[in-house]
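J.: Chains A and B, in that order, give the protein sequences.
The working numbering applies: residue 3 is where the first sequence begins, and numbers increase by one.
The working numbering applies: residue 7 is where the second sequence begins, and numbers increase by one.
Hints listed in this document are in silico derivations from the structure and should not be mistaken for laboratory results.
Treat each hint with caution, since some may be false.
Calculated pairs, DSSO-like style, for lysine-lysine (alpha carbon to alpha carbon, straight line, at most 30 Å) [said to hold, decoys possible]: (1) K93(B) x K172(B); (2) K132(A) x K93(B); (3) K317(B) x K338(A); (4) K93(B) x K338(A).
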Amino acid sequence: MNYLDEFRDRTAVLGLAERIKGLTAGRSEPLSFMEVCGTHTMAIYQYGLRSLLPAEVRLVSGPGCPVCVTPNGYVDRALAYSRLPDVIIATFGDMVRVPGSSSFLMAERARGADVRIVYSPLDAVALAAKYPERRVIFLGVGFETTAPTIAGSIIAARSQGLANYFVLTAHKTIPIPMQVLAADPELKIDGYLCPAHVSAIIGADAYRPLAEELGVPCVITGFEPTDVMQGVLMLARQVLEGKSFVEIQYSRVVKWGGNPRAQEVLREVFDPCDADWRGIGTIPGSGLRINEKYAAFDAERVIPVAVEELREPQGCRCGEVLKGKVTPYDCPLFAKACTPEAPVGACMVSSEGTCAAAFKYGQ
Amino acid sequence: MDKDLILLGHGSGGKLSHQLLDELIIPTLSGVPLAGQNDAAVLSRDGRRFAFTTDSYVVDPVFFPGGNIGSLAVNGTDNDLAMVGAKPLWISAALILEEGFSRRELAEILRAMRQAADLAGVAIVTGDTKVVPRGKADRIFINTSGVGVFDHDLEISGNGAQPGDKVLINGTIGDHGIAVLAKREGLALESDIQSDCAALNGLVTELLEVGTALHVLRDPTRGGVATTLKEIALQSQVTITLREATFPLKASVRGVCAILGLDPLYVANEGKLLAIVAPEAAPQLLELMRRHPLGREAAIIGEVTTASPGKVELETVVGGRRGVEMLAGEQLPRIC
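Please model the complete structure; the sequences and the hints are all you need to start from.
T.: Written out as structure tokens, the structure is:
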């Protein structure tokens, strides 16, 4: 067993496709299932899974790409920090090409800003230790999967006595926006393919209000092609049986209670807060901010900077793409004014963005 | 956005690179349209054809499993000549060294250049050395140029693919890019991943045996197999259909790609060639490849149709279908 072939097996995938076809044949209204997580979006495009599903099943991409939902104002603030002479910006790679109101980090780097791509926030802590005379600001973007490692970096910096490590946070949590979208009558979501690795942290119980109170079937689904197809089959079955509950397809990783240690680290460093989602707006209680105990590490509180006036790009439909209301192909800028080389919206930048996936893998 | 800035993406070999070439470099320096561009220029004088090419090498790290910047610089230029069907004869070597670079490491790189040249049967006949202050270059950059001649009248060009043709590759994909990445990032992987860096002119000489049936040769370096085939589909105005299940791929490369979220189809190769050949000659070409040390794992990975000109389509391992586009932006920085 190599943990890849088993989950990319052609016969298994085609067999699942047949069963989905059999279950949904003859429906007048197609079933709309939203895959919330960007990694699902990529897998669906990369393996051409839409081409295997019947017309009765529609997969809709949701807001689960952390870079994509990060608002322009955040990027503008990061750009302003990058122009301060003693600052090193440390970030995951995807952020460096996200456009702000008038620039992006890669362009600031070409002009002389010190912007470094790291693979772990602990690399950023190491930078702070190496350059005590500089201020290192890590761009803390991501959902519950990423947030614990960033919380861990703050704890590490504190225990090392570092006074020059800061995090500019835009962390978001996933279940509340799923509830907001489920309540949107324009969307008519029949079921959620719930994120795989976020769920490993927060646990399957987190989706109970969605399934049990709002009546939206939820299946926590892995990222391999057989996982996704099986997740779709499980959702279709729930809908056809008139049920809505939480199921774990990705049982090799996800538990009902999640990862208690990671949850503890999150609670140690972060408090829930309201958060701005690009395209969706402010959602109460859907973000994480650094708490009072660790306030000295919060870039926004500690390092004042003048941020330019916010300008949103003209014509970009990222917001609607993020809500699954339109597909990338419906946006007038897609593949014309907006390409991965010269992105207008963040959905075209991130490797998990819906527009980037649609551009790279076509239809 | 400031249009004046040159960004790293302009050197990625993907779309931004093409834009810079089309909008600035080619119109200013000469008028060769993109459709006429191949890995080397083919020039005629007094009834004889020559191939001429140049390339600069800036790989980081300088030493990687399976080679170093020296072997890469010689093999890369050698391969650019071989991909138009030329026999490489002479190459130049221009070194840009950063102050403080190690003489011992330079000696190792030069030995690798010499060894690669000897293996490929080319001579390094001229060169140049510059040293720049510390911080003005990253250890060592190498430029090589090369001249080749033709022993035949065949036209091998990116615009030669015809409907019905088969697409062949001489072995596993993605080895070079992943070897360099693993070394640079210090990924502690228990793996056998070595760069495939090698001179392909010997293999090409054998492939030329199939004569006019051989339509296109191209080495899928930066941007990988996907970008290269997309270029060919555009140049030849044909559709290329690939079957993912037929791609030769090392289990270790596939594993690293799965962990890091990379698509091996976009990862660089330095010892691979894509050959597009008339269908009746495909079995012979496959046999010729497999008999050669650099082609033991050769495979037929797709075919040429007319369904939608300029498109590359893929049947995925699980039987789904999707389009294949050029590398957009950077997948991995500085791999060659």
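J.: Output the numbers, in ascending order, of every earlier hint that fails for this structure.
T.: 2, 4
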